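**Student:** Build out the structure end to end from the sequences listed, making use of the hints.
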Amino acid sequence: MAYSVDGHRHLPEIQQELDLLDAGDGLRITFLTHLVPMTRGILASCYAPLKEGAIASGEGAKSEIREIYDNFYANETFAKVVPAPPMTKHTLGNNDCVVYPTVDTRTNRLIVLSCIDNLVKGAAGQAIQNMNLMFGLPEEEGITQLALYP
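If you're matching positions, the sequence shown starts at -19 in the working numbering and goes up one per residue.
Treat the hints with caution; some may be incorrect.
[Stated by the list, open to error] List of simulated lysine-lysine pairs, DSSO-like, C-alpha gap at most 30 Å: (1) K42 <-> K31; (2) K42 <-> K69; (3) K60 <-> K42; (4) K31 <-> K60.
[Unchecked claim] Pairwise CB distance ranges, derived in the manner of DEER restraints: (5) E(-3) <-> N98: 18 to 24 Å; (6) G33 <-> N98: 35 to 41 Å; (7) A103 <-> Q125: 15 to 21 Å; (8) A59 <-> F11: 16 to 22 Å; (9) Y129 <-> L0: 22 to 28 Å; (10) G38 <-> L0: 28 to 34 Å; (11) R(-11) <-> T85: 23 to 29 Å; (12) D(-1) <-> M67: 27 to 33 Å.
The set of hints was computed from the structure by calculation and includes no laboratory data. Note that the coordinates shown come from a computational prediction; the quantities given were computed from them, not determined experimentally. Ideal placement from N, C-alpha and C gives every residue a C-beta, glycine not left out.
**Tutor:** Right, dumping it as structure tokens:
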């Protein structure tokens, strides 16, 4: 079921961070969350209009967007850019965020699908990852073992 349809509690922080990227165009976003009967995992579908002329048009846009995402996440330990839409099963028991970027060439709209296992990549996993970085430990220290309960 969809919930928080009139405004999710995380919408203000999402808007805040996107406003930092915005060149004054006043981005207006929709953030609609769904409850799904599963034990773990989050699947996000994100959409954004592309500015005319910012990237190639047509099918070339898809490869250009993919290259942009590949380059941006190239050195990120836990971000994986994939060539096909991900499933929550791809992140089961790990700290990865699996990202699939593409373009709807009909509407010139960016579409990004992503998955995490919220019982690993959630607040606790993120806290361990941040602590590792703060103390100069390997980023993946203590969060690469399989965590499968429940």
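**Student:** Now tell me, hint by hint, if it's right for this structure.
**Tutor:** Structure-based check of each hint:
1. A hinted pair counts as satisfied when its Cα atoms are at most 30 Å apart, and K42 with K31 qualifies at roughly 14 Å.
2. The hinted pair formed by K42 and K69 meets the criterion: a straight-line CA distance of about 25 Å does not exceed 30 Å.
3. With a C-alpha separation of about 17 Å, the suggested pair K60 and K42 falls inside the 30 Å cut-off, and the hint holds.
4. Restraint check for K31 and K60: satisfied, since their Cα atoms lie roughly 26 Å apart, inside the 30 Å limit.
5. As the Cβ distance of E(-3) to N98 is approximately 19 Å, the hint placing it in 18 to 24 Å holds.
6. Separation of G33 from N98 is about 38 Å and conforms to the stated range, judged on CB atoms against 35 to 41 Å.
7. A C-beta distance of roughly 18 Å is found between A103 and Q125, which places it inside the suggested range of 15 to 21 Å.
8. Separation of A59 from F11 is about 21 Å and conforms to the stated range, judged on CB atoms against 16 to 22 Å.
9. Distance hint check for Y129 and L0: the Cβ-Cβ separation is about 38 Å, which falls outside the suggested range of 22 to 28 Å.
10. Take G38 and L0: their Cβ atoms lie about 30 Å apart, and the range 28 to 34 Å holds.
11. Between R(-11) and T85 the beta carbons are some 34 Å apart, a value that contradicts the proposed interval 23 to 29 Å.
12. At about 32 Å, the CB distance of D(-1) to M67 agrees with the hint of 27 to 33 Å.
Taken one by one, the earlier hints fail for this structure at numbers 9 and 11, listed in ascending order.
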